Amino acid sequence: MSNIIKNIIKLKDEVVENISKIKEEQQLNNEKAKYLGKKGIIAEAIRMMDTLDESGKKELGRVSNETKKLINVCLENQRKLIENEKINQKLLKEAIDVTLPGTKIKTGTRHVLRQTVDEIVQLFSEMGYIVAEGPEIENEDYNFEKLNLPKNHPARDMQDTFYITEQILLRTHTSPVQVRTMLKNNGNKPIKIVCPGKVYRRDDDDATHSHQFMQLEGLIVDKKVSISDLKGTLDEIARKMFGEDKKIRLRPSYFPFTEPSVEVDVTCNCGGVGCNICKQTGWIEILGAGMVHPNVLTACGYDPEVYRGFAFGLGIERIAMLKYGIDDIRNFYINDIRFLNQFN
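Numbering (the numbering used here), first residue to last: 727 to 1070.
Calculated from the structure, these hints are not laboratory results.
Here are the simulated EDC-like pairs of lysine to aspartate or glutamate, each with C-alpha atoms no more than 16 Å apart in a straight line:
1) K758 to E743
2) K1049 to D844
3) K794 to D739
4) K924 to E862
5) K924 to E859
6) K758 to E740
7) K957 to E989
8) K795 to E740
9) K1049 to E845
10) K749 to E811
11) K794 to E740
12) K760 to E743
13) K972 to E962
14) K758 to E802
15) K910 to E859
16) K795 to D739
Label-pair distances were calculated between CB atoms; the ranges are:
17) T825 to G1000: 58 to 64 Å
18) G1008 to T833: 37 to 43 Å
19) E962 to D932: 28 to 34 Å
Note that the structure is a prediction, hence the values are computed from the model and not measured.
Note that CB positions come from ideal geometry on N, CA and C, so glycine has one too.
Work out the full structure: start from the sequences and follow the hints.
Structure follows, in structure tokens:
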């Protein structure tokens, strides 16, 4: 037997021992190249095949193939052992001690204004109202003209407006949503909607005023609607939002889009005795309301001889301030986590 073949046979024992000691995958690759690479030991032996006779060539081929298979099996087995060891080490590092106390995860919550809107919307949904929404960038015609506020009307001074162009503005109230709904119904369908959303007015920010705030307005239009229906609705709002013992009073007022118009007050938490919040009167103003002006019905396609309606509008921030005893409207917008966590 030639020395070439003897060396290959001897290699078998060497391979098994060497590969079993390897602990790194890169070393395995190096070992594979050493034995099976183009310049490896097996390849070098096969290149010397021409120096052997016919039987020697066959024997060298057989022994070389057996050795290759053995090397591949050893490499694969050792690779699996290395991978399993890595997994075991990783599991040990990432092990969780289930006896340790859990870490409390801080969760977010809906903003107090969003909670207030949802609560009011839920109340009106139970009364059969449908939520309607519209754009915050509005046309002057929808924001003013169709609401009985023509150009140069003195009441426009009550709503100092952010104009984008001569005709386009940031809406000063959510009433344009009512206008859009009436126009969409072509003057021949009853309406029962609430319209929540942001509105904008040029105002100096302080504890009770903001250039941006939220409103929720309601509108009913039908053939048999009276001011007594309006009062019943306002009573329900006050009791559900502030407590069953609350009472309301209606004071005559003026709004261009309603006639007659009223300001609505609710009894203060002081029980009518008088305090700083109600300015010693025992009452707190919460919203404005009234019967829809015939001019508005006409402008929006409804016949005021056939249809009547009432509308009301309330400030979400004002309701939240009264409900939760908040004394500064700016708290809603500064994103102080200490303030917001109170309403989790």
